[in-house]
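Asks: One-letter residues, chain by chain:
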Amino acid sequence: MIQLENVHYHYQSTPETGALEGINLSIRRDEYILICGGSGSGKTTLGYLFNGLIPHFLDGVLLGVVSFGGVDTRKIPVTDFLRKVGMVLQNTDAQLFNSTVESEIAFGLESLGLTTGDINQRIQWIADTLNIQNLLDRHPTALSGGEKCMVAIAAVLCLDPPMMVLDEPFAHLDWESAGRLREALRDIQRAGKTLVVIEQRIGKLIEDVTRCIILEQGKLLFDGSPEEARPILMKEHLIPCYPALKKSGPRISPPLVSARELCYETNHRQILNAVSFDIRDAETLAILGRNGAGKTTLIKHINGLLHPTAGNIRLMGQKPDARVPAQTASLAGISFQNPNDQFFKTKVRDELQVGLKILGKNVMEGFEDMCSLFGLQDLLDRSPHRLSEGQKKRLALASVAIMHPRLLILDEPTAGQDGRFLEATAHFLASLKALGFTIVMVTHDFEFAAATAERWILLEKGKVIADGPPEELLKDGDLIACFDEGPGHAMPAC
Amino acid sequence: MAPLDPRTKLAFGLLGIFTILITQRPLSLLLEACILLCTLSVNRSAKPLAHALKLTIPMVVLVFAIGLISFDIHVALLLSMRLFNLLTASFVFFRSMRSEEMGDGLRKLGLPYAFTFILTTAMRYVPLMGQKIRLIMDAQRSRGMDMRPRIGNVKNFLALLVPLLVQSFVLAEHLALAMESRGFQMKNRTFRRKYRMLFREYVLLIVSLALFVAFVWWERG
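Order-wise, the sequence lines are chains F and L.
When the letters of the first sequence are read in order and numbered with my numbering, they come out as residues 1359 to 1852.
When the letters of the second sequence are read in order and numbered with my numbering, they come out as residues 765 to 985.
Among the hints, a few may not be true.
Stated by the list, open to error - The list that follows gives simulated cross-link-like pairs (lysine-lysine, DSSO-like), each with its CA atoms no further than 30 Å apart:
id: 1; chain 1: F; residue 1: Lys-1551; chain 2: L; residue 2: Lys-951
id: 2; chain 1: L; residue 1: Lys-958; chain 2: L; residue 2: Lys-872
id: 3; chain 1: L; residue 1: Lys-951; chain 2: F; residue 2: Lys-1442
id: 4; chain 1: L; residue 1: Lys-919; chain 2: F; residue 2: Lys-1705
id: 5; chain 1: F; residue 1: Lys-1715; chain 2: L; residue 2: Lys-919
id: 6; chain 1: F; residue 1: Lys-1433; chain 2: L; residue 2: Lys-951
Stated by the list, open to error - A short, non-exhaustive set of chain F residues, derived as facing chain L with CB atoms under 8 Å:
id: 7; residue: Leu-1470
id: 8; residue: Thr-1474
id: 9; residue: Val-1682
id: 10; residue: Pro-1683
id: 11; residue: Phe-1701
id: 12; residue: Val-1712
id: 13; residue: Gly-1713
id: 14; residue: Ile-1716
id: 15; residue: Leu-1717
id: 16; residue: His-1743
id: 17; residue: Leu-1745
id: 18; residue: Ser-1746
No wet-lab data here; the hints were simulated from the structure.
Idealized CB from N, CA, C, for every residue including glycine.
Put together the whole structure using the sequences plus the hints.
Replies: See below:
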């Protein structure tokens, strides 16, 4: 179907490093292929080659031959690819550019110039197939991550291309949506489509595919059966392998944070419902739950970004918003999911020192230590915006940790990251714990939580359904069931 | 009753705006405000307006204050009421019409598809930008930056602006990729929604135009 012969590609902006180097591979009809590799390994670039965005849309230099059905893709007009290869991009905000789900699905069909009757028929068909009828009138911003992903797939699948490429569709999904997506993809493949999934969250997805391709710094490292791929993925740390957690036992110090019957309601929706807990000095706590369970809303109460509609929360005995922002940040610092929300300086060094300047501290205080802990020494003069995703995440974390807050809160530290980053983050957290930080993380990655946190709080529909050490919570059968769904990471094995 | 054709809605919107712009008497402005508020209660957007007023009222007050200092109470009243009516009229207009409808209406009036597409897509991304602003504000406040709306904090807003701009550029690039891979440039696009101006809409437009001319004549007389 698609054949790549000695393909080299580099982007116009980075001529010195090739995004892809000497790739030879062929994709046959009805295959289900998983393409994996660390961040920056060239996975997405390979995807762009399949659907003609390279060479027709992206500037860069392409050497070698990419052919679709025996014809060089350079000779196929870009508009012809619409019927040949469907692509679901990683950024669903960009992927869904219409104002309702229905017009989103219709867009590609309208491009093809089908009749109105045909278009409406296909919309109904795809909505029935993927079970998204109830979403047709909704605005894309009103959808959950899992729903966005389904709609993006629907908008491409309705064009009936023989092949589909999905770029990291699992990145931000919780275990339940991920399970549903895996099922949908299996059905699509069974219906006779060739599927290529580019993904860093490998977990159970590898059991579904018929072939696995591993890329490493633009080169083909492995191409073969999933069974043979697994040991290589482990060896390359693309499936994370966490160190054993050092336990320090229960804490008896007075609580840093104490919440009592905390409720939060917005737009007539109850997001948090009578949540009570204490966080004590030097604890490592993971707040776990599905997307939309209220995890992020909960941590925003700790530093006063949100105010409870009922109940109360105290940070070191005071209301979180009773202090000025700098003082609050020196007690509880939050590093949110998207590191790009933080960066506004032109150099990594300045970005790191923002917090120290706000606190009026010496800008070199603890600077070297944090740089070496997070491996940022060689990046200090680079622009934060030009770093790789993993490096950005490290910088965002370091720029909050450098203020030495009593409580360090991390929102989804693992989302969209490769196995190597997950391992590295587990190491950072262990080091920070040794330095005496109290750590709270919000995640839906059970394996990561098992490797890094001594206490779990499970949140479901705004309520705490369990609170305690993981080994005790895991005795609960219902909880174990959670592990069996979706492509979570492998359990710690080292 | 069938919904109005987007062209009719656009024409009504324009007529409304022009009417407010040419009104000279405070009493007429008051009447217009009453009509607008009645329309609001009819299409059930009083509550969202109350939300939007939080932003518009300070602007209206500011214009009133400037009018009072620079001219007199008559001018100040006239200017501030006109501004209030204009903002409310635009609000009613945008509430009564989905962005796609507006795009279709403008395309039917002869504007090129690429232009109307840009317009509707820009409106699709307004709520997303709102979300982004909130996320960035939260991220910066969480590391101690004072983002409360105070004079002394003006320089801190660079920390909001830079991430927002950078992310918007990245979004624009990804959006271009997404549009391209869904056939934006294909020539034989189908336009699914068919519009036809009904006889009653023509009558409605003629009557409104006549009323508008009469009003202009009365205002100027």
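Asks: Decide, hint by hint, whether the structure agrees.
Replies: Right, here's what the structure says about each hint:
1. F:Lys-1551 <-> L:Lys-951: holds (27 Å)
2. L:Lys-958 <-> L:Lys-872: Distance ~10 Å between Lys-958 (chain L) and Lys-872 (chain L) Cα, so the pair holds.
3. L:Lys-951 <-> F:Lys-1442: holds (18 Å)
4. L:Lys-919 <-> F:Lys-1705: holds (18 Å)
5. F:Lys-1715 <-> L:Lys-919: Holds, at roughly 14 Å.
6. F:Lys-1433 <-> L:Lys-951: holds (19 Å)
7. Leu-1470: holds (7 Å)
8. Thr-1474: holds (5 Å)
9. Val-1682: Status holds, d = 7 Å.
10. Pro-1683: Pro-1683 (chain F) check passes; min Cβ-Cβ to chain L is 5 Å, inside 8 Å.
11. Phe-1701: holds (6 Å)
12. Val-1712: holds (7 Å)
13. Gly-1713: At about 5 Å, which falls below the 8 Å cut-off, the nearest Cβ of chain L leaves the hint on Gly-1713 (chain F) intact, so it holds.
14. Ile-1716: holds (4 Å)
15. Leu-1717: Nearest chain L Cβ about 7 Å off; hint holds.
16. His-1743: holds (6 Å)
17. Leu-1745: Given a least distance of 12 Å, the restraint on Leu-1745 (chain F) is violated.
18. Ser-1746: Status violated, d = 14 Å.
Violation of the numbered hints given earlier is confined to hints 17, 18; the remaining hints are satisfied by the structure.
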